[in-house]
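Bring the two chains, given one by one in their own frames, into a single complex with the hints.
Protein chains in written order, with the UniProt record's numbering: chain B, 1 to 276; chain E, 1 to 284.
Source of the hints: derived by calculation from the structure; they are not laboratory data.
Virtual Cβ for every residue (Gly too), placed ideally from N, Cα, C.
Among the clues, some could well be false.
[Unchecked claim] Estimated spans, in silico, between C-beta atoms of each pair:
(1) B:270 / E:124: 44 to 50 Å
(2) E:77 / B:107: 42 to 48 Å
(3) B:270 / E:12: 40 to 46 Å
(4) E:171 / B:247: 39 to 45 Å
[Unchecked claim] Using 20 Å as the maximum straight-line C-alpha spacing, the simulated PhoX-like pairs for lysine-lysine come out as follows:
(5) E:73 / E:7
(6) E:85 / B:251
(7) B:272 / E:190
[Said to hold, decoys possible] The following residues of chain E were derived to be distant from chain B, with all beta-carbon distances above 12 Å:
(8) 14
(9) 18
(10) 20
(11) 42
(12) 67
(13) 76
(14) 90
(15) 100
(16) 104
(17) 128
(18) 154
(19) 156
(20) 185
(21) 252
(22) 258
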Amino acid sequence: MSEIVLETRNLVRDYTTAGGMFRQAKTVRAVKGISLKVEKGKTLAIVGESGCGKSTLARMITMIDPPTAGDLIIDGQKVDTAKGVSPELRRKVQIVFQNPYGSLNPRQKIGDVLMEPLIINSDLPASERRHRAMEMLKKVGLAPEHFNRYPHMFSGGQRQRIAIARALMLNPRLLVLDEPVSALDLSVQAQVLNLLADLQDEFGLTYVFISHDLSVVRYIADEVMVMYFGEAVEYGTRDDVFSNPQHEYTKTLFAATPRTDVESIRARLARKTAAA
Amino acid sequence: MALLEIKNLCLTFDTVGGKLKAVDGISLHVDRGEVLAIVGESGSGKSVSMLAVMGLLPWTATITADYIRFDGKDILNLSPSDRRKIIGKDIGMIFQEPMASLNPCFTVGFQIEETLRQHTDLDRAARRRRAVELFRMVGIPNTEDRLSSYPHQMSGGQCQRVMIAMALACNPKLLIADEPTTALDVTIQKQILELLVNLQIETGMAMILITHDMGVVAETADRVAVQYKGRRVEESDVLSLFESPKHPYTRALLSALPENATGDRLPSVSDYFLEEEAVTGGAA
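So that you can see chain E by itself, here it is in the shape it has in the complex (with noise of 0.2 Å):
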């Protein structure tokens, strides 16, 4: 049975300018153990629809959805409290900025054992232990006095480190990475996405990473469900993705990469687009 599955999901935003329909009825599912990859361009509800699993969203958004099903337990149906002992605990989730989502104004160790305190029924001193641990695990030298060092005192990389390692206080059953490596640069992208892939690999975890880098999902996933404009366009494993896009806007994507390029010009997803429309008579 999946993990997460996720049936006709739609979410709605409330805006001064009417509804906006952020994401169209859009399905998926994980198993334990797999590697999912969601990617899309920003503003197709690859980001808002993992907030809506996580229950961050504002109230201006309405969910609707068949069912968000996590572990056989449907988490639209239920309660706050209930819900909040799920998430953090067996679902964790890192962010784009690590700056950013990290609180300034206490040490970096606090935050990880807030986490702890939460969830579990350990004492200070296993919080500790296990807090040490957990910084040994994500590759942070100096273990012991890092964890009293602020957000600031540490740089991009290290801090990304630091959100992986809160996420994962708790064992989680799924990770969500919502683009984890995108404000990092590509010697500190490669050792993040390697420490995730490890770590995914070692506690046997399942993920989900949302991306629009497609080295990204090339280093990483199992599946990848392509996601434009609120819809899923494609899914399918990752090999046949690359070998073999279906959907005009995938190949569109590989094609833009600038490795990828054979003429002086990257087609843009526009040509693709018009491609589709002259086969489809303008009814796509």
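Next comes chain B alone, as it looks inside the complex (with noise of 0.2 Å):
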């Protein structure tokens, strides 16, 4: 078997509103005890709607945000976000976000976008960070022109590949995306999605990807867990859960995907006019 980059055990995470003078405290369980193990290059989906705990678990897993209980492992490592993080499991794990137009500074140049983690995680000298940022350009299928670019220059598409190269810049082993592809047009999505895959095999890099496209999911993932109000309701292979789902929720996620085979069209055509 080989080894397990990510693993966590019954993590929880509480949100707790501000009380007031008239008002008690509210305690929101967002994510419900979620265990799940991933392998070295592979990928695991994760899929919910809006509000079930999703992008919660994927803040714990990038130490973003301490769990309330339970335990997360990386690289075998027990880590204690609450206690503080070594730079060192800093550059293991790195976040995609899902805007590209929110996530990257108008006033930073593309360049310096891409050197900042150096400079904060490592102590390369100046000219080795630039080589390096040139090289993930390259990389991530941009040129070396779009160094001294700013973001507004760029469409969306390309910002999601500087996103995903300012990522990879400290050679990560997990990389989270937290629906990387969902604010790209379809053409876009496809070269992203593919651009995701070629990293993944030369890096062996190890994905987890959340999204609501369950079509996205089905293409990319290797496993699939399935969350509904903090809990993983659905988790397995791909094909399992795609082909024998056991859940209700999992179940009208599915009969809720759009299907575009041409039987269908026909068939609601045909109702259509049945109706009418």
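If you want it as structure tokens, here you go:
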């Protein structure tokens, strides 16, 4: 069995709303005990609708938020986010956010965007940083002349490439992708998905891929977890989950996905003629 | 006769960098009771051409067309006040961001009744009754209570239902839906699409659905127009579009759907354009 890059055991996260003189503080349990394991070079997709806790889970895995309870184990090493995280561990896990327009600083040139993680997390000299940023630009399908441009000069797909490049600057082991293609056009989405697949092959990256789009998940994932109100209602290999969904919610989700095959269009048109 | 007919529509925006041609000679028509889907990616001019019909473009836009005829009247030559009598009454529109298109300062009930006050001569009680009836139609529970809620108290799907109710308030002949489900979850998307399709069949109105999602097209449209970079590249009925797409761009769009993936990489649009250039010798 190959090595496990990420493991969580009963991860829980509570959020407390601010109480006041007239109001009791309320606790919302956003993630209710999630356990998962991801092997090196594999992709785990987490599916669920807005508010089901999938992004909260992502924030805990990337060590942005500490879990309320449960264990987070990265590369066989137990992590206690609340007590502080070593730079070495920070390098191992990187994240790409959903909105490529909101996640890049509009006043920062692309070169600086890419070099900043190196400044913070390594002690490489400036020339080496520059060299690595140039290399990375080429890897994600951009050109060296993009180095001195600002984010507003790029399209959505290009910005998402930049965000991916930034995440890869530190050679992470694990990449958390929080809805990386939901804001993109279909054709651009295909390019970014291909890029992710290429990079996974090249660097042996492990992905945690968060999405609400089942067709994308079916294409990219090795394993799938379906979340509903903070709980994992379904967890298994892609083929198991897609061919034999157990939970009611998963079935609803599949039924809600639009169908594009010719037979179902024909059936719909027939229904419509019958109704009219 | 077609309900809406657009002939040779061109749209130019004045920008700092000079003139930008967003729409380049688009013609389309919608018949009564028909669902037309306009598909294309961002920047293909699908939204702005409909905004031009609605007269909602900023002053930097220059609209030229042979004619934009709605119900026999050329709306390009109408005076602004005559035009306002049609917009919102005979043509309703739903926008992409339900949360952002409702006014946060007023209750949703007030916003629906405002439309009725503008376009009908119903009195206050009748307007309220109509609003209740509309809310039932679009499937909002606890109708009476919900009318006095503010947009931020409702979920995204509910807000979109309110938008639909508002667009339908005056029994429009044409409903333009601009990416009505893009911001919503799949389960909610399914509900909203079903609602739109059922309402369309019930009321017999025509519908123009602007979207970039081929799945939404497959679930709703009768006829499809594919737009690319401000031009129309293909138009056909929905079945033949999915069965045998003619234009390389349409084929590219369909094969870029992850569910149609055959190998371990998805084909991208540029692959198809290279193929086309090889055939036409770069003339395309």
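Does the claim that residue 20 (chain E) lies off the interface hold, with its Cβ farther than 12 Å from every Cβ of chain B? Residue 20 (chain E) clear of chain B: closest Cβ-Cβ about 15 Å, beyond 12 Å.
Residue 270 (chain B) paired with residue 12 (chain E), Cβ distance criterion 40 to 46 Å: 43 Å, holds
Outside-interface status for residue 252 (chain E) - nearest CB in chain B farther than 12 Å: The claim breaks: residue 252 (chain E) does not keep its Cβ more than 12 Å from every Cβ of chain B (closest is about 6 Å).
Was residue 258 (chain E) rightly flagged as not at the interface, with every chain B Cβ beyond 12 Å? Incorrect as stated: the minimum Cβ-Cβ distance to chain B is 4 Å, not above 12 Å.
If you check the beta carbons of residue 77 (chain E) and residue 107 (chain B), does the distance land in 42 to 48 Å? 47 Å, holds
Just checking, residue 185 (chain E) versus chain B, shortest CB gap more than 12 Å? 4 Å, violated
Hey, does residue 100 (chain E) actually stay past 12 Å from chain B on C-beta? Holds, because the least Cβ-Cβ distance between residue 100 (chain E) and chain B comes to about 15 Å, which exceeds 12 Å.
Any Cβ of chain B at or closer than 12 Å to residue 76 (chain E), or is the non-interface label fine? Holds: least Cβ distance 30 Å, greater than 12 Å.
With d taken as the least Cβ-Cβ distance between residue 156 (chain E) and chain B, does d exceed 12 Å? At roughly 8 Å from the nearest Cβ of chain B, residue 156 (chain E) sits no farther out than 12 Å, so the non-interface label is violated.
Going by Cβ atoms, does residue 90 (chain E) stay more than 12 Å from chain B at every point? The claim stands: residue 90 (chain E) keeps its Cβ more than 12 Å from every Cβ of chain B (closest is about 22 Å).
Please check whether the beta-carbon of residue 14 (chain E) is more than 12 Å away from every beta-carbon in chain B. 19 Å, holds
Taking 12 Å as the cut and beta carbons as the points, is residue 104 (chain E) off the interface with chain B? 20 Å, holds
When held up to the earlier numbered hints, the structure conflicts with 6, 11, 19, 20, 21, 22 and fits the remainder.
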